Amino acid sequence: MKIKTPLSNEDAKKLKLSEMVYITGYIYTLRDAGHKKLVEMIEKGEKMPFDFEGNIMYYAGPCPNKPNEVIGSIGPTTSIRMDKYSPTLIKEGLKFMIGKGYRNDEVNETIDNCDGIYFVAIGGAAAKMSKCVKSVEIIAFEELGTEALRKLYVEDLPVVVATNCSGETIY
Amino acid sequence: MRKIKSSIIVEEVAKLCIDANCNLSSSIYNGYKEAKLKERDKLSKDVLEILIENADIAKNEQKPICQDTGMAVVFIEMGNKVVIEGDLLEVAINKGVAKGYEEGYLRKSVVKDPIRRENTKDNTPAVIHYNIVEGDKLKIVVAPKGFGSENMSALKMLMPSDGMEGVKDVIINTVKNAGANPCPPIIVGVGIGGTMEKSALLAKEALLREVGESNKDDYWKSVEEEMLQKINKLNIGVGGFGGMTTALSVNINTYPTHIAGLPVAVNIGCHVTRHSEIIL
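Note that the protein sequences, when read in sequence, are chains R and X. Counting the first sequence from 1 gives a position; my numbering is that position plus 1. Counting the second sequence from 1 gives a position; my numbering is that position plus 182.
In case anyone wonders, no lab produced these hints; they're calculated from the structure. Each hint should be verified, as a subset may be incorrect.
Computed from the model, here is a short list of chain X residues facing chain R with C-beta under 8 angstroms [said to hold, decoys possible]: (1) L225; (2) C248; (3) M346.
Result set (DSS-like, lysine-lysine): computed pairs, CA atoms no more than 25 angstroms apart in a straight line [claimed, not checked]: (4) X:K218 with R:K67; (5) R:K15 with X:K227; (6) R:K152 with X:K290; (7) R:K17 with X:K290; (8) X:K303 with R:K67; (9) R:K37 with X:K197; (10) R:K38 with R:K92; (11) R:K17 with X:K224; (12) X:K294 with R:K132; (13) R:K17 with X:K227; (14) X:K224 with R:K14; (15) X:K215 with R:K37.
Simulated restraints, written as ranges between beta carbons of each label pair [what the hints assert, rightly or not]: (16) R:E144 with X:Q411: 41 to 51 angstroms; (17) X:K319 with R:M2: 49 to 59 angstroms; (18) R:S19 with X:K294: 39 to 49 angstroms; (19) R:Y154 with X:Q411: 43 to 53 angstroms; (20) R:G146 with X:D344: 39 to 49 angstroms; (21) R:P7 with X:K294: 56 to 66 angstroms; (22) X:G348 with R:E138: 33 to 43 angstroms; (23) X:D223 with R:N105: 23 to 33 angstroms; (24) R:N105 with X:K263: 47 to 57 angstroms; (25) R:K5 with X:E284: 46 to 56 angstroms; (26) X:L462 with R:K92: 36 to 46 angstroms; (27) X:Y401 with R:N10: 52 to 62 angstroms; (28) X:V273 with R:K92: 27 to 37 angstroms; (29) R:Y154 with X:E284: 48 to 58 angstroms.
Just so we're clear, the structure is a prediction, and the values are computed from it rather than from any experiment. Backbone N, C-alpha and C fix where the C-beta goes; we use that ideal spot for every residue, glycine too.
Isolated chain R, as found in the complex:
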């Protein structure tokens, strides 16, 4: 199935568990260090660098791009390291995430409560996934290098539904 971002609640509800989904549109990358910063910003009451409504966060930090490339290799990183921060971001309105591997019970419950979706990308298929990225822009935390917050435009990025809107999970 193909989906477009921002993802509407109606479209999200149509997604079936363990279904392969191809995403087109803008998505946002962030890893451990950036999550820590976002949570600190929320605690201080600061405005988020992008609107969470309907948008998808991808847990990833790319390789540097060669001069002729849009982006270097970019696959998912292990999601459980974000679990400490995710409930805070989800409460702030972030409902859709892409990562790799299982989440803890608290995150699964928070995703379930907000009718969110947790997608997993194919770990290690990073060269292939870089081909789906058509543009990239750093929108915050440039000092974090690979861990900066990047806005990517992707076409047909392959991911699998790991936790659906009904709270069912493949793990």
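Take the given structure of chain R and dock chain X to it, following the hints.
Just chain X, lined up with the frame of chain R:
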């Protein structure tokens, strides 16, 4: 004595870093293809096809197979008749790692301090293991290690009375606990014996073996086969989506140990478990 210039080591280490990260070993690549033939589930087949395509793109364009281009683990076997001219060997290796990660557009993933976490920006320092051997050659193995799989590894100091069953439990439980996190199909490196750090090193070295290469001792070869079968019945599967291909290989290395101990280390390697080597 045979003299080797440190500048040659810098160049070779740089090339090995790039080669290991961009060119998947043929034994793993063939492992994907065999698994694709065996799997019945469509999602598993589709994911294996993506992994095959990914390895092809990486090779053709000389770009990293995975964005986690790892911390560089370097194994040195230095002949006792070799002298390095110029920089110290350690300095030369680290210069090579910095050069390879910069010129190969590889990700710099190393932080200076485990708590204060400032990126060193050139992926140094490498983790280096030295061995002195007979002869006038210098063997360099570069094995970049990603941390999705490294984080799922484990070490346990068993009691001798725990025996083989205890060892098997550690292996199976480590793989079960890892689930989808280390990017299956995995390579399972196991080190049994020695001291605490020796078992960890044995496990790391076990990851350097090609898929299909067994322990030369028939007893341990049969344990490797039994463990591989059991792991592939855990239904973790390719990408963690279920199926019969959780691991491509279980590699066990052993060493003599103390009368009071039975150390077991399990080092998990992902589906791109990398290493490249050269003999100078």
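Check: Which of the stated hints cannot be reconciled with the structure, identified by number in ascending sequence?
Finding: 3, 4, 7, 9, 12, 15, 21, 22, 25, 26, 28, 29
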